[in-house]
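So the sequence lines, in the order shown, correspond to chains A and B. Each residue of the first sequence is one higher than the one before, starting from 1 at the first, in UniProt numbering. Each residue of the second sequence is one higher than the one before, starting from 1 at the first, in UniProt numbering.
I should point out that these hints are in silico values taken from the structure, not numbers from a laboratory. Be a bit skeptical, because a hint or two may be false.
No copy labels: a pair is met if it fits in one copy or bridges any two.
[Said to hold, decoys possible] Calculated cross-link-like contacts (lysine-lysine; reagent style BS3-like; alpha-carbon spacing at most 30 Å):
| no. | residue 1 | residue 2 |
| --- | --- | --- |
| 1 | Lys153 | Lys238 |
| 2 | Lys38 | Lys185 |
| 3 | Lys185 | Lys75 |
| 4 | Lys153 | Lys66 |
All values derive from a computational prediction rather than experimental measurement.
Protein chains: 2
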Amino acid sequence: MNKKKIVILGAGYGGMMVATKLQKKLSPNDAEITLVNKHDYHYQATWLHEVSAGTIHQDRARIRIKDVVNFNKVKFLQDTVLAIDTESKSVKLQNTGRIEYDILVVALGFQPATFGIPGIEEHAFTISTINTSRLLREHIEYNFAMYNNEVEKNPARLNIVVGGGGFTGVEYLGEIVNKVPELCKEYDIDPALVRVFNIDGSPTVLKGFDPQLVEYAMSSLESRGVEFINNAHLIEIKADKVIYEKDGETKEIPTMNAVWAAGVRANVIVEESGLGTNRGKVDVTPEMRAPGHDDIFVIGDCALVMDHKAGFPYPPTAQIAIQESGTIAHNIIALVKGGELEAFKPNILGTVASLGHKDGTGIVLDGRKLFGWKATVMKKIIDNRYLLKLGGIGLLIKKGKFNIFG
Amino acid sequence: MNKKKIVILGAGYGGMMVATKLQKKLSPNDAEITLVNKHDYHYQATWLHEVSAGTIHQDRARIRIKDVVNFNKVKFLQDTVLAIDTESKSVKLQNTGRIEYDILVVALGFQPATFGIPGIEEHAFTISTINTSRLLREHIEYNFAMYNNEVEKNPARLNIVVGGGGFTGVEYLGEIVNKVPELCKEYDIDPALVRVFNIDGSPTVLKGFDPQLVEYAMSSLESRGVEFINNAHLIEIKADKVIYEKDGETKEIPTMNAVWAAGVRANVIVEESGLGTNRGKVDVTPEMRAPGHDDIFVIGDCALVMDHKAGFPYPPTAQIAIQESGTIAHNIIALVKGGELEAFKPNILGTVASLGHKDGTGIVLDGRKLFGWKATVMKKIIDNRYLLKLGGIGLLIKKGKFNIFG
């Protein structure tokens with residue numbers, strides 16, 4: 001009866017991939033595997049900008065956990081993690097109470113970081129979960145619907161301001177500018193009245209990305225109506241305006257549609273549990289474990305993996321989380337059945353940013369740059385590869401993106 | 001050059017029918033006909049409960065005016081009527097300025113009546129126009145989307161309270177209870193958490209309707225989850241609750257979804273112009289003219305037509321407005337070309353209330369009572385007859401309701 005209790009917290013990219021890998025390699029006689037997640041579905045966080053803009057439905061971006069995880073092999077608990085107690089080797093859950101672990105996988109993902117900027121929590125919308133993305137979509141629809149119900153026309157209802165020009169911000173801009181004409185038709189609004197802004201602190205969006213790709217992305221978005229405000233800093237978000245500073249001047253844009261896409265941090269539970277040491281993340285060992293905790297693996301947005309060549313941490317992408325899952329699954333099996341632990345070796349295959357359904361830009365393994373439809377094809381291939389890995393051909397067919405030349 | 005200037009204010013059932021009848025019978029040499037309307041579309045007000053619940057799209061319930069009115073014969077002005085000046089025989093418009101008339105048709109429709117109940121204007125939603133109906137639909141969707149984004153779950157987001165158990169209220173209830181399961185699926189909400197209430201001042205809904213039909217309607221709606229609160233009076237609507245009085249006690253329901261369907265009145269412009277004499281309506285002459293104004297015809301919700309047998313005015317329905325248009329068109333032609341004016345003789349063919357797509361109840365000309373699918377078929381036949389009258393077979397095919405056994 002000394003079966004190992006393996007507990008996986010979170011069903012994002014990392015948690016799901018570890019669970020599906022373990023269920024193939026471990027039998028119920030080897031270990032008791034439990035997956036804990038708030039919802040009964042997994043979602044593809046990299047598609048949430050589309051859900052938020054309403055260019056795809058949320059059901060396209062989520063997968064019922066039971067469709068991928070074998071509940072005969074992995075026990076599923078739909079519950080919310082409140083705390084990790086490394087002393088007693090247990091996790092406190094909202095409904096189930098306390099569960100014990102022998103091996104823990106922390107895959108709790110990210111949450112928005114507001115950097116203390118006033119008003120973000122109260123008035124800005126984020127692209128973080130199915131719930132926040134669906135709400136953002138509904139919020140903009142609501143303001144568009146309200147516009148014609150007011151005698152005094154309020155431009156704040158139609159202006160959309162995106163704070164942050166990273167991947168999420170840029171990809172959302174690409175979707176929302178494509179959606180605006182459709183929204184205008186639906187709500188009887190003159191498209192000329194709708195303005196879409198991006199505010200970012202850097203001289204360009206996609207900081208750190210290849211300059212040629214950045215220029216391509218900005219030109220593409222500008223040609224579809226995005227107004228970039230660079231080298232600017234958000235001061236405050238109010239219910240009906242965004243206040244920012246640029247060139248030493250304080251300016252404002254009337255808007256009730258403020259989107260905060262400028263920062264994420266690891267789930268705060270990681271820091272509260274005493275595991276997070278570096279900007280709330282766990283600076284993991286080569287085997288992807290929390291330092292000093294040989295029984296705790298950390299994956300995805302909760303883990304900090306250094307790119308020693310570049311001198312920076314790897315950006316927290318789905319790609320790296322999926323790769324980490326291979327190392328973590330291998331190492332857990334080694335702990336359970338015996339064998340050598342291995343070190344994580346990332347293999348970044350490339351990065352592609354979508355700019356709406358029909359445009360994108362990116363860079364692939366061999367350094368080749370991609371623009372336009374070639375980038376969108378590559379993006380969809382990346383998405384489809386993940387589905388294939390996660391749930392096999394069945395899931396790929398059900399949820400894949402096949403309109404690749406659309 | 002003494003062509004008569006005929007001005008029709010409003011493109012509701014009455015205004016549209018007068019315009020289309022006149023364009024068939026009068027040539028541009030006989031008269032100059034102008035139709036004024038706020039929007040470039042006509043909408044079927046009797047379908048707005050469906051738009052409000054989201055069971056049909058707003059575009060199904062509206063018709064572009066240019067698709068029905070021949071702009072070579074009728075000049076169309078998209079503008080808002082501000083005032084009617086009977087002294088100078090002119091109408092003041094928001095954008096065009098002042099236009100003169102020789103013959104005026106007042107077809108300005110209804111607006112909600114709040115009876116001075118506090119909070120209705122600020123917090124309640126009405127089923128009055130395409131804009132208000134679309135907003136009501138969006139509002140409930142927004143609250144459903146918000147529900148899962150709050151840590152402290154707020155039942156006010158999910159409770160729907162309809163004030164008023166007349167035709168509009170009852171028909172909306174029939175649609176919204178059918179829509180709730182779909183909304184719950186869309187927003188990941190347990191259907192058991194959603195409650196739909198109706199508050200009405202009478203012992204039953206559909207006051208004045210045949211008791212057997214009333215019982216049928218209430219049973220049908222109750223079986224689908226509507227909770228009726230009868231003999232109750234609204235005291236106030238706040239942002240997050242409805243306060244009412246019943247049996248001498250003050251009670252409240254937490255809700256952010258308050259729908260006000262308890263009262264309508266004639267467009268206030270009628271009263272402000274000195275034409276309205278009876279509860280804001282014009283107590284018209286037998287020829288459908290404003291008393292003392294031989295050049296002003298009044299139609300639909302702005303006109304009061306007495307049912308002398310019953311001792312009450314006829315209820316302001318689409319059916320009676322459409323019938324009035326025949327008399328008014330005839331009388332205008334008589335004024336222009338010479339001939340006898342005729343008196344209006346209503347011919348009420350029956351009344352049917354829908355209770356969602358698959359149920360209804362009503363009474364027809366010969367006194368026969370209709371229940372269930374037979375009533376829904378009759379309702380759709382009535383709707384289709386109007387489309388045929390308004391725009392011929394082309395409009396019927398485009399906008400008709402043909403899923404009559406669905």
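Hints, one by one, checked against the model:
no., hint, verdict
1, Lys153 x Lys238, "both (19 Å within a copy, 24 Å between copies)"
2, Lys38 x Lys185, "between (37 Å within a copy, 18 Å between copies)"
3, Lys185 x Lys75, "between (47 Å within a copy, 25 Å between copies)"
4, Lys153 x Lys66, "between (48 Å within a copy, 26 Å between copies)"
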